[in-house]
Amino acid sequence: MGLPEKGLILSWLLFLLGLFGVLVRRDLIFILMSLEIMLNAAGVAFVSAGASLGLPDGQVMFIFVLVLAAAEVSIGLAIILKLFGRIRTLDSDAAGRLRG
Amino acid sequence: MDILFYIAAATAVISTVLAVAGTGVIHSLLFFIVSLIAVSVVFFTLGAAFAAALEIITFAGAIMVLFLFAVMMLNRGTAMGEMERERFTPKALAVPVIMVLALLVAFGITVFKAGAFSAAVGPSGPKDVGTALFGPYLIAVELASVLLLAGLVGAYHIGRRQSK
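Residue numbers (the working numbering), protein chains in the order written: chain A, 62 to 161; chain B, 1332 to 1495.
Derived from the structure by calculation, the hints contain no laboratory data. Check the hints yourself; a few may be wrong.
[Stated by the list, open to error] Residues from chain A that face chain B, not an exhaustive set, calculated with beta carbons under 8 Å:
1. Ile92
2. Leu96
3. Asp118
4. Ile136
5. Leu138
6. Gly157
[Stated by the list, open to error] The list that follows gives simulated cross-link-like pairs (lysine to aspartate or glutamate, DMTMM-like), each with its CA atoms no further than 20 Å apart:
7. B:Lys1422 to A:Asp118
8. B:Lys1458 to A:Asp154
9. B:Lys1444 to A:Glu133
10. A:Lys143 to A:Glu133
11. A:Lys143 to A:Asp154
12. A:Lys67 to A:Glu133
13. A:Lys67 to B:Asp1459
[Stated by the list, open to error] Residues from chain A shown here face chain B by an in silico Cβ test under 7 Å; the list is partial:
14. Ile90
15. Val108
16. Ala132
In this text, a Cβ means the ideal position worked out from N, Cα and C, and glycines have one as well.
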């Protein structure tokens, strides 16, 4: 099993750690950060797959994953900032209670 | 080269565990930045130099800095930290741990049963990536720029001060 296959195992471990973070944490910033961990793990999988074939296509997909992560983080943080201005906490349970 | 890969991969996994395990938001973000740098080293050992540089510049250097600025602007105090700590009971963690373990086993079987790829590797530098981006992936680049424009306009609109 060469190096890119071990990169796939690294991607698998990182993705599960990010998934665990999304499921367990209740702070909205932590949930967003765990989403970024999952996106980074998907990027590792893409680059490992590209490296195993010797093609640059994996890095191209990684660039697009990065673009997606950047756009999502900027809008997610804007929403979180607005939400914090409204309800003075970042608890996701408190954010789930819609009060018309 | 293999030893460097193992050290970098172990660093990435350990710092991600510490980031998720909850020791305050700033500490978790800094642990995640360490994980990103370790993953960049992994990319270098795989021969993907352009992806490694982009990971540091964009992910660790722009996205995480945005996170840190937003967290510093929020100024939330320690209330969330205490609430998180008291929620980390074994009963609350049981279901997520079971689900993640199930996925661990399922993914693990798939990853380890896949046969080894043929060793036709060579480093792909920025020139190959650039040729691919200007060639077959041209439309995807345009769509990515549209996505960034949408993100920009959306973040500006959501974040602007409401004029009364």
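Status of each hint after checking the structure:
Annotation: interface hint on isoleucine 92 of chain A violated; nearest CB of chain B at approximately 11 Å, more than 8 Å. Because the smallest distance between the Cβ of leucine 96 of chain A and any Cβ of chain B comes to about 11 Å, over 8 Å, the interface hint for this residue is violated. Annotation: interface hint on aspartate 118 of chain A holds; nearest CB of chain B at approximately 6 Å, less than 8 Å. The beta carbon of isoleucine 136 of chain A is positioned within 8 Å of a beta carbon in chain B (closest approach about 5 Å), and the interface hint is therefore held.
Nearest Cβ of chain B to the Cβ of leucine 138 of chain A: about 4 Å, under the 8 Å cut. The hint holds. With a least beta-carbon distance of about 15 Å to chain B, the hint placing glycine 157 of chain A at the interface is violated under the 8 Å criterion. Between the alpha carbons of lysine 1422 of chain B and aspartate 118 of chain A the distance comes to roughly 44 Å, so the proposed pair goes past 20 Å and is violated. Restraint check for lysine 1458 of chain B and aspartate 154 of chain A: not satisfied, since their Cα atoms lie roughly 48 Å apart, outside the 20 Å limit.
Under the criterion of a C-alpha separation no larger than 20 Å, the hint pairing lysine 1444 of chain B with glutamate 133 of chain A is inconsistent with the structure, at around 34 Å. For the suggested pair lysine 143 of chain A and glutamate 133 of chain A, the alpha carbons sit about 15 Å apart, so the restraint of at most 20 Å is met. For a cut-off of 20 Å, the pair hint linking lysine 143 of chain A to aspartate 154 of chain A stands: about 16 Å separates their Cα positions. At roughly 29 Å between alpha-carbon atoms, lysine 67 of chain A and glutamate 133 of chain A are farther apart than 20 Å, so this suggested pair is violated.
Between lysine 67 of chain A and aspartate 1459 of chain B, the direct Cα distance comes to roughly 24 Å. Violation of the 20 Å bound is thereby established for this hinted pair. The closest approach between the C-beta of isoleucine 90 of chain A and any C-beta of chain B is roughly 5 Å, which is under the 7 Å cut-off, so the hint is satisfied. For the restraint placing valine 108 of chain A at the interface with chain B, the shortest Cβ-Cβ distance is roughly 5 Å, inside the 7 Å limit, so the hint holds. At its closest, the beta carbon of alanine 132 of chain A sits 3 Å from a beta carbon of chain B; the interface hint therefore holds under the 7 Å criterion.
Hint check: violations occur at hints 1, 2, 6, 7, 8, 9, 12, 13; the rest are consistent with the structure.
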